[in-house]
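Trainee: Note that the protein sequences, when read in sequence, are chains F and L.
Read left to right, the first sequence gives residues -3 to 484 (our numbering).
Read left to right, the second sequence gives residues -3 to 484 (our numbering).
Source of the hints: derived by calculation from the structure; they are not laboratory data.
All the pointers check out, no bait thrown in.
List of simulated lysine-lysine pairs, DSS-like, C-alpha gap at most 25 Å:
#, chain 1, residue 1, chain 2, residue 2
1, L, 4, F, 121
2, F, 77, F, 242
3, F, 99, L, 77
4, L, 63, F, 48
Just so you have them, the derived chain F footprint on chain L, three or more residues with Cβ under 8 Å:
#, stretch
5, 23 to 37
6, 58 to 70
7, 92 to 103
8, 126 to 140
Virtual Cβ for every residue (Gly too), placed ideally from N, Cα, C.
2 protein chains.
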Amino acid sequence: MAKDSGSKITPRAQDYAAWYQDVIREADLAEPAEVVKGCMVIKPHGYAIWEKIQAALDKRFKDTGHKNAYFPLLIPESFLKKEAEHVEGFSPELAVVTIAGGKELEERYVIRPTSETIIGHFFAKWISSWRDLPLLINQWANVMRWEMRTRMFLRTTEFLWQEGHTAHASHDEARAEVLRMLDIYGEFAEEYMAMPVIKGGKSRAEKFAGALQSFSIEAMMQNGYALQAGTSHDLGQNFGKAFDVKFQNQANEQEYVWQTSWGVSTRLIGGLIMTHSDDNGLVLPPRLAPIQAVIVPIWKTDAEKAQVIEKAHQIAAGLRGKAIAVEVDDREGMKPGAKYFHWERRGVCVRLELGPQDLAKGATMVKRRDGGDKQSIPLDALGDELPRLLDQMQRDLHAKAVKYREDNTVVADSFDQVRQILDGATAEKGGGKFVMVHVKDDPACDARLKEIKASTRCFPLVDRHGGGGRCIFSGDEVAQRVVVAKAY
Amino acid sequence: MAKDSGSKITPRAQDYAAWYQDVIREADLAEPAEVVKGCMVIKPHGYAIWEKIQAALDKRFKDTGHKNAYFPLLIPESFLKKEAEHVEGFSPELAVVTIAGGKELEERYVIRPTSETIIGHFFAKWISSWRDLPLLINQWANVMRWEMRTRMFLRTTEFLWQEGHTAHASHDEARAEVLRMLDIYGEFAEEYMAMPVIKGGKSRAEKFAGALQSFSIEAMMQNGYALQAGTSHDLGQNFGKAFDVKFQNQANEQEYVWQTSWGVSTRLIGGLIMTHSDDNGLVLPPRLAPIQAVIVPIWKTDAEKAQVIEKAHQIAAGLRGKAIAVEVDDREGMKPGAKYFHWERRGVCVRLELGPQDLAKGATMVKRRDGGDKQSIPLDALGDELPRLLDQMQRDLHAKAVKYREDNTVVADSFDQVRQILDGATAEKGGGKFVMVHVKDDPACDARLKEIKASTRCFPLVDRHGGGGRCIFSGDEVAQRVVVAKAY
Chain F
-3 MAKDSGSKIT
7 PRAQDYAAWY
17 QDVIREADLA
27 EPAEVVKGCM
37 VIKPHGYAIW
47 EKIQAALDKR
57 FKDTGHKNAY
67 FPLLIPESFL
77 KKEAEHVEGF
87 SPELAVVTIA
97 GGKELEERYV
107 IRPTSETIIG
117 HFFAKWISSW
127 RDLPLLINQW
137 ANVMRWEMRT
147 RMFLRTTEFL
157 WQEGHTAHAS
167 HDEARAEVLR
177 MLDIYGEFAE
187 EYMAMPVIKG
197 GKSRAEKFAG
207 ALQSFSIEAM
217 MQNGYALQAG
227 TSHDLGQNFG
237 KAFDVKFQNQ
247 ANEQEYVWQT
257 SWGVSTRLIG
267 GLIMTHSDDN
277 GLVLPPRLAP
287 IQAVIVPIWK
297 TDAEKAQVIE
307 KAHQIAAGLR
317 GKAIAVEVDD
327 REGMKPGAKY
337 FHWERRGVCV
347 RLELGPQDLA
357 KGATMVKRRD
367 GGDKQSIPLD
377 ALGDELPRLL
387 DQMQRDLHAK
397 AVKYREDNTV
407 VADSFDQVRQ
417 ILDGATAEKG
427 GGKFVMVHVK
437 DDPACDARLK
447 EIKASTRCFP
457 LVDRHGGGGR
467 CIFSGDEVAQ
477 RVVVAKAY
Chain L
-3 MAKDSGSKIT
7 PRAQDYAAWY
17 QDVIREADLA
27 EPAEVVKGCM
37 VIKPHGYAIW
47 EKIQAALDKR
57 FKDTGHKNAY
67 FPLLIPESFL
77 KKEAEHVEGF
87 SPELAVVTIA
97 GGKELEERYV
107 IRPTSETIIG
117 HFFAKWISSW
127 RDLPLLINQW
137 ANVMRWEMRT
147 RMFLRTTEFL
157 WQEGHTAHAS
167 HDEARAEVLR
177 MLDIYGEFAE
187 EYMAMPVIKG
197 GKSRAEKFAG
207 ALQSFSIEAM
217 MQNGYALQAG
227 TSHDLGQNFG
237 KAFDVKFQNQ
247 ANEQEYVWQT
257 SWGVSTRLIG
267 GLIMTHSDDN
277 GLVLPPRLAP
287 IQAVIVPIWK
297 TDAEKAQVIE
307 KAHQIAAGLR
317 GKAIAVEVDD
327 REGMKPGAKY
337 FHWERRGVCV
347 RLELGPQDLA
357 KGATMVKRRD
367 GGDKQSIPLD
377 ALGDELPRLL
387 DQMQRDLHAK
397 AVKYREDNTV
407 VADSFDQVRQ
417 ILDGATAEKG
427 GGKFVMVHVK
437 DDPACDARLK
447 EIKASTRCFP
457 LVDRHGGGGR
467 CIFSGDEVAQ
477 RVVVAKAY
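If we strip away everything but chain F, and leave its shape as in the complex, we get (with noise of 0.2 Å):
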């Protein structure tokens, strides 16, 4: 087991940028790689959630008829040219390989930014009927996006992801994928993630470059930030015309197809850690926990050692078997309270004391992360109580998260409000809002809101918030509010 660094973790109020560093670290999930400008390493313990995170969604694309594949991490640098919009925003953050097997490339590659490029290329070749659609593909990758400033997790010149990309015979076969899509990582942040979010429209400035119109799951941090945790475009057939991904349609014709994709990345780890740690550490919903449960045995004389421990890997296989994933900590030289700190800095749901006093009694004390007092729970009755109970913390968790986030939305009537509202709202320092406002889909409004360093986050799909209104700064009627928010 690694070791505690015994470092401090800065508490949030003091700073909030800070603390999330000191969680990272304290909770052993991932490193800045220092070597490699803007990447992290991701640490065991950071890896395992992404693997979970991995499994659950995989198994919904599946379900959904989508199909795993891999294409190549180099892209020809002429591919990017062949989209207007996607080279312009793309080509700033680009790494660009002009070497290889020792010799200079008459053609330059780049490391994929995102692979609608590279992907429309195959397609063109894949695709030659309306028989051949959909065909609905994602891929699990690595990608690289060369930014200048960087956060763990959040934001990394190289990330992990999934890329979807479909191709459709029709606009509204590809705009039901968007929103099917749309809907499975809402479905995802809330009931794994247990982390709230608005589903909803990207303005036309924030959009995906290249796209028709890009739709994006917006989640609050604990500063009051928002992160954008998934996205989901509409290609359009932008992509079909620069590839030249063409089908005959029933009535045998050539058309262009229309296209989709749609991606989350290891910056969910970072929302998961915004949305429901504390100043002690890490806290993890139990469904993306890769480990929901340690027992810590306690004894002073060495027949109780032997009696204890035992109990605890008894006690630890029969939760296994009801899927509960469980260890034991029965390390020597190690103080209980210096255990109970170790795991729970690392996020573990629940933890369940086992001396001989409780052995005698035929119980344990359960103390969930979250907070609450201990429990005693009969070890009879664990295999049926724990589970109850890591379900409950689920819930509590998300309606938690819920509850902050309503608490820090607010309702503006005009740029000076939102002004005042955001002014000195800062990553580190917090005081971030949801600003329900009226603002026209116009990249003139977007770029305003950029002098007080706020932005559009998403037209929600669910207007919860009364309708339309006159445009704080057009003066426009606008048919609903936007979200405004500072963001990562």
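Given chain F's structure and the hints, the job is docking chain L onto it.
Mentor: Same frame as chain F, but now just chain L:
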């Protein structure tokens, strides 16, 4: 479902290399990327095999205490130079990033060809005491080696693999790990891939650049060529010294760690194809087949159609309950024969034909992909019979491959004999053999074998060829025969 290309598969006897490419295309496993030199696209059916390989191996790695992590794709160029043999071995094959974020980089990065160096850098940060050891890490990742001659799956510039990296407090412990992982690879090859392998030590000339000693599993393809299907390396303290990975041992002295690394890659899929497939297309061992059974309903009238299709789906549901991966091919406008052909090419293990007459008899005609007559199996026995039949097929494929290897393994006692045996053997024409010869582990001897385009494959851990004798080159006494072959 993907279309059939309608192209023919070249018979193995005519051109084995062309046959291999044809099988990959007709089974829809992958295709050359062309626009990215030496790369391929792994298509859904090929990637599904990789996922099955991953799942089986990942479980074994975790069961033996290894944890997954993720390290950066890019490695500072200077890192490779820290281990003299390592840089010499890999520098001709590197892809180099010289520009990122629109700027020329001060320190260039290489795309990892393997990760010993970057992982060594982090091990140095993570390890300080014997208590931190052993450190058992695995990474699933893409890597890049700019090879001149590529062949889908077997050797591509980018490939997918896992790389285990471990650090230990003693050479004995590291050595045990190296052999433990070699055993896991060997077991996986035999039991899942149904591909017999010889476990053994590589010669000094053939070892991994930077290792003290390398071990491999070597398999025989149907053209008698050897395929190095997995490797496990005893790195000694070489990378420990290069990256200053020290620990305080139990005697309170500073010592360099003892490291290992081990890997298998998408190359295994090439091995699978070349071990079992035939002139009609892909043949897959049931334990790695993404689709183990296909039900083809047969009908003439609409009434029959409704009935057989309904029953086919009912049977499929039942078989899925028995953990059999089954599909129903109820496509319209396609004759049963064309469907048989389609699934045969794709390596589906068994085909179930279900027509009105079968239904009347309460039975289905079952045909194994690897030959033999059709047999009628009562529908109510299918849930028991089909798993049994798949198990039998798994064993039969293995036995057939063992026999092929034994039939093509010969003993030789002079270079002339070796030359005669391997003369004229080519990847295209076949005729390769495993030649068991006494050769001294001396790069000078390995160099002589290169004259006839052969190489030492491994010194088998279990010697089945009669112990010591005189080296055919040096005349020196050596302890055992080595496998000599032409190889991929």
